[in-house]
Amino acid sequence: MLQVTKAEDVIDHGLSLGADFAELFVERSLTNAISTLSSQVQSVESGIDFGIGVRLVFGSKVLYGYTNKTEAEELKRIMGELAAMDLRDPRVSLQAFDYSAPVEHHPAHRILSADADVDSKVAYLMAADAAARASSNLISQTRGACRQKEQRIEIFNSEGLHTTDARNYVRATLTAIASDGQDQATGMWSDGGLLGWEIKEQVDPKKTGDEAARQALVNLRAKACPSGRMPVVIGNGFGGVIFHEACGHLLETTSVAKKASVFHDKMGEMIANEAVSAVDDGTMANEWGSINIDDEGMQTQNTQLIKDGRLTSFLVDRLGAEQTGFERTGSGRRESYKYAPASRMRNTFIEAGDAEFDDMISSIDRGIYAAQMGGGSVQPGTGEFNFAVTEGYYIENGKIQYPVKAATLISTGPAVLKEISMVGKDFSLACGMCGSVSGAVPTSVGQATLKVDEILVGGQA
Amino acid sequence: MSIVSQAEQILDRVRAAGAEGDLIIDQGEALSLKAKDGALEEHKVTSSQVFGLRVIKDNRVGTAYSEAADGESLVALVDQALLNASYAAVEAHEKILANALKLETQDAQLSPIDQATVAEKIELALTIEARLAAKPMVKNVPYNGVQDSVGERRVYSTTGLEARSKARMMHCYAYALIESGIRMRWKALARRRGDLLSWIRIAWWTKPIKTPSTSYRARRFPAEVRRHFR
Chain G
1 MLQVTKAEDV IDHGLSLGAD FAELFVERSL TNAISTLSSQ VQSVESGIDF
51 GIGVRLVFGS KVLYGYTNKT EAEELKRIMG ELAAMDLRDP RVSLQAFDYS
101 APVEHHPAHR ILSADADVDS KVAYLMAADA AARASSNLIS QTRGACRQKE
151 QRIEIFNSEG LHTTDARNYV RATLTAIASD GQDQATGMWS DGGLLGWEIK
201 EQVDPKKTGD EAARQALVNL RAKACPSGRM PVVIGNGFGG VIFHEACGHL
251 LETTSVAKKA SVFHDKMGEM IANEAVSAVD DGTMANEWGS INIDDEGMQT
301 QNTQLIKDGR LTSFLVDRLG AEQTGFERTG SGRRESYKYA PASRMRNTFI
351 EAGDAEFDDM ISSIDRGIYA AQMGGGSVQP GTGEFNFAVT EGYYIENGKI
401 QYPVKAATLI STGPAVLKEI SMVGKDFSLA CGMCGSVSGA VPTSVGQATL
451 KVDEILVGGQ A
Chain S
1 MSIVSQAEQI LDRVRAAGAE GDLIIDQGEA LSLKAKDGAL EEHKVTSSQV
51 FGLRVIKDNR VGTAYSEAAD GESLVALVDQ ALLNASYAAV EAHEKILANA
101 LKLETQDAQL SPIDQATVAE KIELALTIEA RLAAKPMVKN VPYNGVQDSV
151 GERRVYSTTG LEARSKARMM HCYAYALIES GIRMRWKALA RRRGDLLSWI
201 RIAWWTKPIK TPSTSYRARR FPAEVRRHFR
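Order-wise, the sequence lines are chains G and S.
Using the numbering used here, the letters of the first sequence correspond one by one to residues 1 to 461.
Using the numbering used here, the letters of the second sequence correspond one by one to residues 1 to 230.
Please note: incorrect hints may appear among the correct ones.
Unchecked claim - For lysine-lysine, the following DSSO-like pairs were computed, each having C-alpha atoms within a straight-line distance of at most 30 Å:
| # | chain 1 | residue 1 | chain 2 | residue 2 |
| --- | --- | --- | --- | --- |
| 1 | S | LYS44 | G | LYS61 |
| 2 | S | LYS102 | G | LYS338 |
| 3 | S | LYS166 | G | LYS61 |
| 4 | S | LYS166 | S | LYS34 |
| 5 | G | LYS76 | S | LYS135 |
| 6 | G | LYS69 | S | LYS139 |
| 7 | G | LYS258 | S | LYS34 |
| 8 | S | LYS166 | S | LYS102 |
| 9 | S | LYS44 | G | LYS149 |
| 10 | G | LYS61 | S | LYS36 |
| 11 | G | LYS69 | S | LYS44 |
| 12 | S | LYS135 | G | LYS338 |
| 13 | G | LYS259 | S | LYS36 |
| 14 | S | LYS166 | G | LYS258 |
Unchecked claim - Distance ranges between label pairs, derived from CB positions:
| # | chain 1 | residue 1 | chain 2 | residue 2 | range |
| --- | --- | --- | --- | --- | --- |
| 15 | G | VAL437 | S | THR117 | 47 to 53 Å |
| 16 | S | GLU120 | G | GLU104 | 48 to 54 Å |
| 17 | S | GLU120 | G | GLN184 | 53 to 59 Å |
| 18 | S | LEU110 | G | SER140 | 49 to 55 Å |
| 19 | G | LYS259 | S | GLU91 | 55 to 61 Å |
| 20 | S | LYS135 | G | GLN3 | 39 to 45 Å |
Claimed, not checked - These stretches of chain S come out as covered by chain G in the derived footprint (C-beta under 8 Å, 3 or more residues):
| # | region |
| --- | --- |
| 21 | 48-55 |
| 22 | 84-95 |
| 23 | 161-173 |
Don't read these hints as lab results, they were simulated from the structure.
Idealized CB from N, CA, C, for every residue including glycine.
Using the sequences and the hints, build the whole thing.
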């Protein structure tokens, strides 16, 4: 996307200003978004994102700029303005570029640059809509969305790195609204991955519609949730959002290096119940949070974060490695050329255990089964959180009794890690978009169903 | 290829498809500085160029955008907008106005040449934070910054409209955290002036702070500054 000689000229200019490290991140992305409402196409939108991110490092100081233009003069102008207060004699020389193509772990076939497949995507969303409406006459509305993105990147740096990669993302979602004339409730189901529209061969629009409608109907008849400290069983898949938000972010060197994380000095120590092992894995084939290389050009890897309760690794990008001394883990990620990379998660999850679901439920006298989790908020550094339960059930005397609504789980990440006593076998992943200092990046959260012995539940009863 | 030629190429392709349309091309440059504890926390330099196209065909409206300016991308821009329009509902009232005006603003008035260097703007950002942080009862100055941007917008249509406007905007602000809570101490806005440093006077940040119970309000600019907003 950028001529090698031009990249060489520009990076050499950056080093001539006295930078210790210079990098160009070139990106060209195609996007297509289809939305449906009321069993009709509401909009089809598309665009081409293109830009070049410029990063200069002077000692521990990082400077970042970007442009949509490709002229060497413009890239040099940006470098010059960035380095205005740091100009000094050259410290390092440009290493000759050594091109390396990453190993393709996530092949994609029906990619956006070949065909947007709008008819096929509309048909999928309409089939999901029909399935949801067919499940009950209480389903009053559906909203569908299908987004596809093809991101091509090229990275050059002053250490001789030159590499390229292509990432293809697709995600389809249906939200169903149930109404009985007095109350309304919603349910949602989403499928996605790091692949092309061939995903439609792997997913079933009827299941998407049925599941969205089922959640909405359950919530429509849900009772008020009791509140107080009690054991909670958290469902698989998106239930892993709690680990992601309240623990995963605390393991990123972005917060560890600043000593802003409660885990910054806990390497090698027990930070969780020994039933808990957790990883951040970028290698899982075609999973939503996977990558071939990170946005600094390093090959991705499977990083064991916690093993049998003990902290074994942080998530480390280039800057984080320099600041903390830990080895890089291929975790430097960014939303686009508009952001400098930072240490970020990929597919992050608590590994499956061997507990049975029925054993978890039967071990509880009074508690909650949080089958589906929703959004929430987290205090950076401490991991204090509150998350909404979007599908929940009251447990009494070892049995699931009835659905509850408006439940909230409140605790801290470090506390919850120590309260997880049983982890099930039904491991699954779920797609999400994670927002942080380097923008919103695709990440998967996941876990098997697990039991937390005590957590504060916010409710209305 | 010039911007004007690129615009003609895009609109010719729209006409050839039997559609009408209008095109916005935004270009800009920006500098953003933020200070924290006497050092720059943010020093961002950016420039941008984006094409936004709306087409109307058979009373159906479609849009698309491109940040890439190569020929292949601009062809794709038109084709995407036309494809998107084909899935839109009929919208009888959205039209491209029959407007063939040639419009242009005066760069000398709205986008004068900037006399201040980047180093001077950095010094300004650091000084704003330092002066306010040195005040009694001020714990820190968590939100502050100096921003300088130039934006140019061009609008073209298949009916012959050609419009161009370019403007420079400069913006400084600083919020202080006072012992009794967060109070806005100063918010300064400046625009349409070439020489930022000649009239953003650091003295404005040196007025005495009142008691913590006082509700701080942004002060008005001196008269010689206010007239530039009219």
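List of violated hint numbers, smallest to largest: 2, 3, 5, 6, 12, 14, 15, 20, 23
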